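In the order they appear, the protein sequences are chains A and B. First residue of the first sequence? That's 42 in my numbering, and the numbers climb one at a time after it. First residue of the second sequence? That's 1400 in my numbering, and the numbers climb one at a time after it.
Just so you know, these hints were derived from the structure itself, not from any lab. All of these numbers come straight from a predicted model, not from anything done at the bench. Note that the Cβ used here is the ideal one computed from N, Cα and C, for glycine as well. If a hint is listed, it holds; no wrong ones were tucked in.
Ranges between beta-carbon positions, derived for each pair:
#1 M1400(B) to S245(A): 56 to 64 Å
#2 S1765(B) to P281(A): 50 to 58 Å
#3 L244(A) to F1460(B): 46 to 54 Å
Capping the alpha-carbon separation at 25 Å, the derived lysine-lysine pairs in PhoX-like fashion look like this:
#4 K87(A) to K174(A)
#5 K143(A) to K80(A)
#6 K43(A) to K1788(B)
#7 K43(A) to K1779(B)
#8 K134(A) to K181(A)
#9 K176(A) to K80(A)
#10 K1533(B) to K43(A)
#11 K1781(B) to K43(A)
#12 K360(A) to K143(A)
#13 K143(A) to K298(A)
#14 K43(A) to K1536(B)
A partial selection of chain B residues facing chain A, derived with a Cβ cut-off under 8 Å:
#15 N1755
#16 V1789
#17 L1797
#18 L1800
#19 F1802
Chain residues, written in single-letter form:
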Amino acid sequence: MKYLRVFFLIIVFSFIFAFLNRLVMPKYATNLVEGSFTKEYYAEEKDHEIIFLGDCEVYANISPMVLYENYGITSYVRGNSQQLIWQSYYLLKETLKYEIPKLVVFNVNSMRYSEPVSEPYNRLMLDEMPWSKEKLDLIKVSMTKEENILSYIFPILRYHSRFSQLTKEDFIYLWKDKKITHNGFLINQEVKPVSTLPVQKKLSTYQFAEIDYEYLDKIYNLCKQNNITLVLMKAPSLYPYWYPEYEEQIVEYAKEKNIDYYNFIDRVEEIGIDYQTDTYDGGYHLNLTGATKLSIYFGKILKENYDLTDFRENDKIRKRYEEKLKDYYKEIKEGRD
Amino acid sequence: MVTFLLLLLSIVIYLSFGPINMIYLLFSVFTSFYGAKYLKKQKNKLILTIIIIANLGIFLFFLLFPVKNIVVPLGISYYTFQIISYVLDIYHEKYEPQNCLWKYLLYVIYIPYIFIGPITRYNDVQESLYAKKKFCKDNFYFGLLRMIWGLFKKLVIADRIALVIGVITTNPNHYVGAYALLAMLFYSIELYSDFSGGIDMVIGISKIFGIELKENFHLPYLAETVQEFWRRWHISLSSWFRDYIYIPLGGNRVSKVRQKLNVLITFLASGLWHGTTYLLWGFLHGIMVAFQPIFQTRWKWLNRTITFLIISLLWSFFIWKDTYFLPLQMIGSVFTNFNYVDLCHNFLNLGLDAPNILVLGISILSLIVYDLKQEKILNKIKFSPIEIKVSILFSFLLIILLFGVYGIGFHVQSFIYSKF
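All chains should be modelled from the sequences, with the hints used to inform the complete structure.
What follows is the structure, encoded as structure tokens:
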């Protein structure tokens, strides 16, 4: 009886411990909304024909809603802030457990990084991701030197100091989520024109690291094994500067593997992007109007060159996407709740 | 078996900090072990002097002539004093020498106390250190509780206060007067929580293994004189200086002038043990011990307050430790720069926001209550049902996890006294 009572106590304390872990974690509902991107995918119906992979250059620039509305393409952006290539690989690997798309479009910007860069970015991507083997692998490859895996398992070890900064948001979204993206796309309607053109700082090396090629190969092989067509893209961001040396390496890789590669920096005029009105941060990312232009342009290429279905003719999916579009335009009109 | 495992574990952990450390430690172990055996057979003052000078010499060499790229052997200030006390005690036939080299090695290298103390006398620990270990529920529980309590003092109190002191010390030109006084008062609490917290962990883990270590603190800030403070603070070190320096110099059995001189020499040695930059600190403590009784009043609370203030002001040498000038300047500024209103306005900009101040306040209050009522509280826990005992342990763990200062964004301060 005595031990039963102790056992019961341990259970109670475990619940308190779990509660505290949840309480101190950032909720990513009104602040740092980028932290909710990974999680939102799991609540979706998994019938996308295209999965976009990459960093902020995809979640800010490609709108799946525009792709559906104009071409009937169903797609999802699995992108996070400064998502590195190995993170994209494991995210794709995990995605394939849920669905096999026809096309994977990978934005190559992250090829410039050769090691884990930032703990806060890791957190944004991984905090809310459900546990799986891929998540464990992701944590292992993503951790910077100062991190340890235990703090991902028990977030209180990382976020305990937030006890003094808890706000109403922490309690409101303790057990519920707030929808932020539209199939992984983050609407931003602000305008901050480009004021200066990027300066080409001289780098010590322009060669992509071996690890980047290793993971690009892994993405390529994973797609091949699953009969998925891999397409490479480079979003039309002026910053950070995309060096011609980078471009050469990607072109060469695409040629060698026989992969299609679209660099939209070279097609800015054709797309109709005006950096005075179509960017929200002076050229790093496109805003809603810019993203809409790019999505219409890219959607046309995708529709014409790859055998994609027009899901507007599918009643079930159309109904679902009509609801999604309603939410999409509601946010555009009224802003996020 | 457990004793052997403790030895093995201690060696492995000690070696993990660099094998070079082990060479110095083994030199001290061999010279003191075989030297003591020899001295037991033959009382030879010359051999005794050689053993002491050789070991003290290494310690003083590292202390006085820090060489770049040569790391000071870990725990040298603690184990050197332990082996000197051992050899001297054997010479004075206070107890029998240890016959087993391995057992003696464990006494010197026992990992919990080699980094932070207490400086343990062989005679005090030998019985429990070498006794056959049996699992004892009470030892396990109270050992664990003591460790967790130590961790609480370190992570929730000491390292939280360190944030404020860190802000104040980064700009000594601006943070003077009231800020300096705040730093000194806070540092009194930080150092006590840090050092006694570390010792709690050492005593706690030892208790789990059935090894009884002597207490190193006894309500030091309740002392009515600086002399009494040193009977309550870092007891293992101050009693070492008393027994092996002050008393051999003649102690109280000499003229008043000579006795005061003995006090000064002892405290200078104590300052030197902390490092050459602490000599003036040791000297001033010596002055206070020698002359403070002159200013004694008949009110206990007033004596305690004055003593606490003196001790706090003198911690300046630990806070602004680079020069002699800065600590003296800071002490002076307390009496000359009355920027107390400015401090009140700026209090929440010194590294801790209001919730953190509240946590700190409650924690310090708990520390005071526990220290004053320790025996009563522990007795009450001892006779409580197991559910209460388990709840106390888990509650403290949760409190430390939530309110501790650790992890990314913070650097858990290594224990202050592990640097001496």
